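*Asks:* Just so you know, the protein sequences line up as chains P and G, in that order. Just so you know, we're using this note's numbering here: the first sequence kicks off at 1427 and counts up by one. Just so you know, we're using this note's numbering here: the second sequence kicks off at 66 and counts up by one.
Calculated directly from the structure, the hints in this document are not laboratory data. It is possible that part of the hints are untrue.
Covered by chain G, per the in silico footprint, the following chain P stretches (three or more residues, Cβ under 8 Å) [what the hints assert, rightly or not]:
(1) 1465-1478
(2) 1508-1522
Pair ranges (Cβ atoms, derived) [stated by the list, open to error]:
(3) G:LYS120 with P:TRP1448: 37 to 43 Å
(4) G:THR87 with P:ASP1489: 35 to 41 Å
(5) P:PRO1507 with G:ARG107: 25 to 31 Å
(6) G:ALA96 with P:ASN1477: 19 to 25 Å
(7) P:THR1502 with G:GLN79: 19 to 25 Å
(8) P:SER1484 with G:GLU70: 19 to 25 Å
(9) G:ASP104 with P:SER1453: 21 to 27 Å
No experiment lies behind these values; they were computed from the predicted model shown. Ideal placement from N, C-alpha and C gives every residue a C-beta, glycine not left out.
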Amino acid sequence: EAGVAQSPRYKIIEKRQSVAFWCNPISGHATLYWYQQILGQGPKLLIQFQNNGVVDDSQLPKDRFSAERLKGVDSTLKIQPAKLEDSAVYLCASSFADHVSGYTFGSGTRLTVV
Amino acid sequence: SQKIEQNSEALNIQEGKTATLTCNYTNYSPAYLQWYRQDPGRGPVFLLLIRENEKEKRKERLKVTFDTTLKQSLFHITASQPADSATYLCALDMGWGKFQFGAGTQVVVTP
């Protein structure tokens, strides 16, 4: 079974620039999540999609972050403009709708804002 | 949201011994609690899920307990091996498929 694909693997940008991350979840997984993981901390939920609808984006800094899930499959997360404190690993995860079989995470995108 | 506490200090353990990790939470008891393993540079990998009405769950050398009275889950790795060295995260159900993660505890197993 193919895993959750994310790209790019690494990204370095200057503050105030924009950046986009892409995620392709496991086929058949209705739910998709974007998490932010700062070094030494656990993953923090940014946004949750069920198919192509947003279930929860309460912790997404909407003044600079946006996300979409086209046709209920792939998803992109964008930051514009980036701040130094956005330096983190951005993880995409997907799961079945029942949620009890756990999340499958991608390897993440490590973002460094300089 | 919950306050989730996992030991921030690394757990150093000798090969063959049992590693025991704790996950404490402060507010409501979740319907589910999950444990994940995370290796450096990788995303977390799902290990086990335990429901609030289950006291214990096992998978191979792993055992998880869930005590809603103490608001605590324990995660045990028996007969630990150097390959078990990683960071272990607990995650609490927040409803609607959302899970809140702890900061994780690093386990180092030495031969």
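*Asks:* Work down the list of hints and note, for each, if the structure agrees.
*Replies:* Cross-check of the supplied hints:
| no. | hint | result |
| --- | --- | --- |
| 1 | 1465-1478 | holds (count 8) |
| 2 | 1508-1522 | holds (count 3) |
| 3 | G:LYS120 with P:TRP1448: 37 to 43 Å | holds (42 Å) |
| 4 | G:THR87 with P:ASP1489: 35 to 41 Å | holds (38 Å) |
| 5 | P:PRO1507 with G:ARG107: 25 to 31 Å | holds (29 Å) |
| 6 | G:ALA96 with P:ASN1477: 19 to 25 Å | holds (22 Å) |
| 7 | P:THR1502 with G:GLN79: 19 to 25 Å | violated (46 Å) |
| 8 | P:SER1484 with G:GLU70: 19 to 25 Å | holds (23 Å) |
| 9 | G:ASP104 with P:SER1453: 21 to 27 Å | holds (25 Å) |
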